[in-house]
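**Q** Okay, here's what each chain looks like letter by letter:
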Amino acid sequence: MSRAVGWALLAALAVGPPLALAAGQPFYVDILTRLVCLAAAATSLNLILGHGGMISFGHAAYIGIGAYAVGIPAYYEIYDGWLHILLAVAFSALFALATGAIALRTRGVYFIMITMAFAQMVFFAVVSIEEYGGDDGLVIDIRSEFPLVDLEDSLTLYYACFAVLLGTLYLVHRLVRSRFGMVIEGARGNERRMAALGFAFYRHRLAAYTLAGALCGLSGAMLGNFTNFISPEMMDWTRSGELIFMVVLGGTGALFGPLMGAAAFLLLEELLSGWTIYWQLPFGLLLILVVLFARGGLAGLLEGRRG
Amino acid sequence: MADEPLLRVEDLQKSFGGVAAVDGVSMEVRRGEVHAVIGPNGAGKTTLISLLAGELRPDRGRVLFDGRDIARRPAHARARLGFARSFQITSVVPGMRVVDNAMLAVLARDGRSFRFWRPARNDPALIRPAMAALERVGLAEVAEERAGAVSHGEHRQLEIAMTLAAEPELLLLDEPMAGMSAEESRRMTGILEGLKGEKTMLLVEHDMDVVFALADRISVLVGGRIAASGAPDAVRADEAVRRAYLGDEAA
Ligand SMILES: Nc1ncnc2c1ncn2[C@@H]1O[C@H](COP(=O)(O)OP(=O)(O)OP(=O)(O)O)[C@@H](O)[C@H]1O
Ligand SMILES: [Mg+2]
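Going down the list, the protein sequences come from chains A and B.
Here the first sequence is numbered in our numbering, starting from -18 and rising by one per residue.
Here the second sequence is numbered in our numbering, starting from 635 and rising by one per residue.
Calculated from the structure, these hints are not laboratory results.
Mixed in with the good hints there might be a few duds.
Which stretches of chain A does chain B cover? Using the computed rule of at least three CB atoms under 8 Å from a CB of chain B, they are [unchecked claim]:
#1 -17 to -8
#2 254 to 262
The following label-pair restraints were derived from C-beta to C-beta distances [stated by the list, open to error]:
#3 B:G666 x A:L270: 57 to 65 Å
#4 A:A3 x B:S785: 37 to 45 Å
#5 A:L249 x B:R702: 53 to 61 Å
#6 A:A79 x B:E778: 40 to 48 Å
#7 A:F127 x B:E778: 28 to 36 Å
#8 A:I12 x B:G813: 40 to 48 Å
Keep in mind the model is a prediction, meaning the values are calculated, not measured.
All residues carry an ideal CB built from backbone N, CA and C; glycine is no exception.
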């Protein structure tokens, strides 16, 4: 059931934007572009959070790294898209590898805190660099340039972001079903048994953590292209919290969970922020309800699973 | 070296907050034998197994496997040397299927776990040995169930199936029959009997019928120390053992 809804959602995303344009509502293309970028980021987080049990509270750092991997070269008038993507993925992977190597030696609340601390380090580092706008951020005057693909066209940009979402979904789908995926899932379920069986699963976790970071960096590069403006705010810890929210709301461990969660998140944000400026409050309450009464999230509810 | 024991333990010591749970244990497990360790509750049997499996680090002493000191190697490294332990309190991955649990044991043995692309769950190299282990303990029927959802007895059987599926050289079994029905226990005794001679086993067990049916040698652990060690008949006859442990049953 949740699979069916996930596919339906993807189908809607595949045909929605041209229809919106045809209906004279370009505004919806923007909303959907943001949705697919955030869904891709949340899907990458689900690899480590949902499948690996690694509750990273610093995942937005990779969105920021990916976005600045577009913005900083663009600042120097380097617009080569492949280079941007290479930088986004490489720096994200490196950052994940270096910080994961330390963070993965801790457990539970310590892991949450340390991943958040590492992300805040990037945040403050970027804030302190006046050259790239510091607090105020950086305007990207020209988007990443690819042969044959013009990201300045909003529909083209949308489909590029959509392709990143599809690629991320497929990659995570393959990974979690592989031998490697079995190991990180087993280690989430019972570390002691996995060690007794002979798994040195620290390495598997670090690899998963690095992959998730790299994938998120890619979605960050797309998001940076979309917003045309990047700032440290993209990697604020509250952004990391929002990604967790999407994963938990959608359903940890379900392939389409983060996509549903991201869609629900943007919808709620839209509705609640129109209703009250304190919209984060009902948001928080909702998350508590999900955690208490529907631990499988939306995907779990669709499967008829609870608690 | 044929007469070098597979496992030799020398003066092993482990204390928890000043209380010695294992207090200078020396013993040998010979290749191919079933070596039973018996002793009253709290004697240190589980602690001894954890020290051998590498889950705990000893305060002192040596653990020689095939002549190599491995007392400081972590659990996963020992598992790859051919150790497999079963837990007294069932320890499986509850969120995965029964067959997945057994497949993990096979995968651990196989070692090629950095494979990112091909689906593991229909890989015959994993499924066949996993199903064989499940069939051996009589769990094939519930293979598709979530491991957290099967009965207590089935949990215990899965515990053993995982230990077998790893195809170890040395089995460290911590009360494998604990919590099994009489029939399941008989079946398990049969399975272990079938492995006799093929695998080396260190068996912690409270059920004396099982111990005397399987063991080639018995060591009696009392208060963290080996009180007696030898052939089953000799141990049964040992005065100190009768007093300390077999007491009420044998008197
Ligand atoms: N992690 C621990 N921390 C503190 N004390 C411990 C720990 N593990 C074991 N002990 C203590 O060490 C002693 C030996 O415990 P152990 O579990 O090894 O006994 P056992 O022979 O396996 O007992 P049983 O037959 O009940 O399983 C006990 O007094 C126990 O309370
Ligand atoms: Mg015990």
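**Q** Hints first: check each against the structure and report whether it holds.
**A** Hints and how they fare:
1. -17 to -8: violated (count 0)
2. 254 to 262: violated (count 0)
3. B:G666 x A:L270: 57 to 65 Å: Since the Cβ atoms of G666 of chain B and L270 of chain A sit about 59 Å apart, the hinted range of 57 to 65 Å holds.
4. A:A3 x B:S785: 37 to 45 Å: Check failed, 59 Å falls outside 37 to 45 Å.
5. A:L249 x B:R702: 53 to 61 Å: holds (60 Å)
6. A:A79 x B:E778: 40 to 48 Å: Cβ of A79 of chain A to Cβ of E778 of chain B: about 41 Å, so the range 40 to 48 Å holds.
7. A:F127 x B:E778: 28 to 36 Å: violated (46 Å)
8. A:I12 x B:G813: 40 to 48 Å: violated (56 Å)
In this structure, the earlier hints numbered 1, 2, 4, 7, 8 are contradicted, and the remaining ones agree with it.
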